[in-house]
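Q: Based on the hints, put chain B in the right spot on chain A.
Chains as they are written, first to last, in the numbering used here: chain A, 9 to 88; chain B, 3 to 575.
Honestly, the hints are just simulated from the structure, not real lab data.
Warning: the hint list may mix true and false statements.
Heads up, simulated BS3-like pairs for lysine-lysine below, C-alpha to C-alpha not over 25 Å straight-line [unchecked claim]:
# : chain 1 : residue 1 : chain 2 : residue 2
1 : A       : K20       : B       : K11
2 : A       : K17       : B       : K11
3 : A       : K20       : B       : K186
The model shown is predicted, which means the values in this text are computed figures rather than measured ones.
Okay, here's what each chain looks like letter by letter:
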Amino acid sequence: MEKEKALEKVNKIFIDVLDNEEIVLSDATTANDVEDWDSLTHIQLVVAIEREFNLRFTSMEIQSWTNVGEMIDCIISKNK
Amino acid sequence: MKTFSQLKKNLKQDFSGLKTIKVALLGDSATQFLVQALRATGYEAGYDLQIWEADFNQIERQVFDPTSELFEFNPELVILFHSSHKLLAKYNKSKPAHYQLLAENRLEEINSIISAINSQLNAKIIYYNYSEINDSVFGNYANKLEVSFQFQLRKLNYELMKLSTQVANLYVCDLSTLQNQFGKMVNFQTSVYINTEMVLSIDVLPFVAKETIDVIAAMNGHSKKCVILDLDNTVWGGIIGDDGIENIQIGSLGIGKAFTEFQYWIKKLKNRGIIIAVCSKNTESVAKEPFEKHPDMVLRLDDIAVFIANWENKADNIRHIQSILNIGFDSMVFLDDNPFERNIVRENIPGITVPELPVDPADYLEYLYTLNLFETISYSNEDTERTKLYQVEAQRTILQQKFTNEDEFLESLNMLSLVEPFNKFNIPRVAQLSQRSNQFNLRTIRYTESDIELLSNSDNFYTFAFTLEDKFGDNGLICVVIMKKETEKKVFIDTWFMSCRVLKRGMEHFVLNTIANFAVEKGFEMIQGEYLPTAKNEMVKDHYQNLGFENRDNTWILDLKSYKIKKVFINLK
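One chain only, chain A, in its complex shape (with noise of 0.2 Å):
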């Protein structure tokens, strides 16, 4: 339940930011699925999220990721 939600509000900010309100993102959503993801509109996002969910990732963290699932996971085990 609490991935779910991190995940809608994750949705949010992605339509937010890419100015795409056709985005549905999934655990698996990797950046070839989402147009106009690339690696300057992602930090972007990690700008945007760090400030919705009050947290900070680290430089090593923001690199890792492979598909949202993974982003999320992060977003939940620093909220703990």
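A: Structure of chain B alone, referenced to chain A:
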């Protein structure tokens, strides 16, 4: 201030119809987001910035290769962004014996970059100065040590200011001040830097972009010229009509210090050439009393160009102030503590800037500092005289009402004009007027000091600077004409602009007589004029027609053979 994500939505807007400006951005760190922030912020200010971005870390390659993409793009503005982080990296790699040469070496590099740009382009240059990094190698002792990074960085920022006083087309954009305002924790975000090579945080981007666009707007003639002040609880604490002159808070009374410091700020703006006007709901004599009698008042009546105190609606009063000063509403700032008055003015006067002053007067100044309302790209001694000029204008208006015949009035003014080609004394003022004149400006071509120096040395251009004085005072340099030789028979009016404060004095006729005589002496047979419309120069739409030029194929021609000298009341000085 919009966030970067909000700003980015502007990029999808329709930019057509906005003024286009070709900008090249060259940086030694990644600048993709800065490009987006600049273009999006430019949109809000009414500009379509067409930005060419150099590839990462290509400054030298682009400027030292005469056939580079930079020169092919031919921008009118070049933005250079050397980051403090790359400077630190350079320092880190250099031999300890060379630490103390860091600033000097970088300055030489900047100098040669600027020369290379100036040898190929006729562009203005914006250079971001260096935001501070304390590498904590020497602690506070760094201040005492020329080899420390802090010493070198601050020296560089100081030397940059000095350099920009010498290079006319170089403008420093003060990144260091921005970091001072927000702190390094906001300005710089390690994860962004490590992952993208960008040195500006996402949060600070809109502010850097705004600061840059402020400079660009000033370059394009958009700057604030006038501050209109409310009085009660804006200029002093309390209500003069209720509390009386002994009880208003200023100086040492109550929170008077906040108002005293606010007044000093206004006074500095006045000394810089910003026109100060008062618009207050008060009885005039009561409102003026503190200015005349209160020992702690910093502002005095002779600081105020137009003083309006009555019980009418403030929007109407501001329209009245505008009609006296003859400047656009978009060059005015209205400061009032009362949100109700602010809203009325904001809703009724399009274009005027009305800052949301904080509730606590102690916060006024700190808040106003952050808005950077008074960006400019020029400053001359005449700026300091401006208030007097407008006060004198008010006297002339009173005299004019006494004469029924306009010729008699003009004659009574005893007007004299000095006509000179551009020279080293008048060039700064000519350049400034070229940047500022919007309304009485036939072609609105903006010339910088360096452009003007080139023109004045050319054989194909004839330059004229006109002053005007009368029995009330000296208006200084108020009109400029640049003529270009087109053929042996025809000379073209490349530029004609005039200060609006000398309208209706026959100055246009005097100018035309002068240039017509000159053209005849040079053997020309006709003068050609052109009107290029802008949002602001409708006033001179029929200028050439009114002066007797004939419309031939959408251009205006004056046949010198049939030209009759116009009657004027201005004598040559």
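Q: Quick one: which hint numbers does this structure break? Sort them smallest to largest.
A: Going through the list in order, the structure violates hint 3 alone and respects the others.
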